[in-house]
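Student: Sequence:
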Amino acid sequence: MDVLPLISTIVGAAIGIGSTLLADRTRWARDRRDRVELAQHQLRADFIAAVARSADIVWNVAHHDQPPTEDGNRGAQEAFREADLYTWRYRIALSSPSEIVAASETLLDALRHYRNTVAAGERKGSTQYSEARSTYFAAVAEAINVLRGTQGRLPFLIRQSERRARADASNPAGRFRAE
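Position one of the sequence shown corresponds to residue 1 (the numbering used here), numbered consecutively onward.
I should point out that these hints are in silico values taken from the structure, not numbers from a laboratory. Any given hint could be a false lead.
What the hints assert, rightly or not - Quick list of the computed label-pair ranges, beta carbon to beta carbon:
hint : residue 1 : residue 2 : range
1    : A13       : P97       : 36 to 46 Å
2    : E78       : A102      : 48 to 58 Å
3    : S126      : R74       : 10 to 20 Å
4    : A102      : R35       : 19 to 29 Å
5    : L94       : R27       : 20 to 30 Å
6    : E37       : E142      : 14 to 24 Å
Idealized CB from N, CA, C, for every residue including glycine.
Could you build the full structure based on these sequences and the hints that come with them?
Tutor: Encoded structure:
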């Protein structure tokens with residue numbers, strides 16, 4: 001019996017099985033990396049959305065609580081809790097690289113300063129309010145650019161906009177929202 005065909009068959013099978021295993025391993029690693037990246041993008045987007053919700057609460061207090069009242073000041077203070085920012089802060093800290101953690105901390109510090117300014121009784125039109133709001137928007141722009149990572153800078157500028165507020169029938173708590 002000739003052994004050459006048998007050896008050729010065994011070598012061919014080993015090459016076929018090895019290449020299939022290598023291809024599957026490469027595909028698995030790529031899919032895993034894509035899932036982790038998608039989860040990170042979702043985490044960062046949800047974090048920025050929570051920051052925006054909190055800032056919107058502060059904005060509403062600053063524009064509708066004129067003259068300042070104790071309830072308005074307390075509402076500004078509670079903006080972090082309502083948007084669950086402390087939880088988001090820890091999620092970012094646990095699962096993100098250090099430059100993203102630093103950018104998110106800077107953003108939260110700017111939002112905290114904005115919130116504290118409004119909670120102290122400063123409202124739309126005051127110099128302190130304008131400075132705190134400008135600092136917040138600068139921190140938002142920088143944080144978004146860092147959070148985007150390899151996607152590059154935003155193709156537009158994050159800027160303050162003048163918003164008109166209106167009461168809404170679907171808002172029974174008496175809060176205002178921007179249109």
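Student: Against this structure, judge whether each hint is valid.
Tutor: Each hint tested on the structure:
1. A13 / P97: 36 to 46 Å: 44 Å, holds
2. E78 / A102: 48 to 58 Å: Roughly 26 Å apart at Cβ, these two residues miss the hinted range, so it is violated.
3. S126 / R74: 10 to 20 Å: Distance hint for S126, R74 holds at roughly 19 Å.
4. A102 / R35: 19 to 29 Å: Taking Cβ atoms as reference, A102 and R35 lie about 25 Å apart, which means the hint holds.
5. L94 / R27: 20 to 30 Å: 28 Å, holds
6. E37 / E142: 14 to 24 Å: 22 Å, holds
Figure legend: structure checked against the earlier numbered hints; the only hint not met is number 2.
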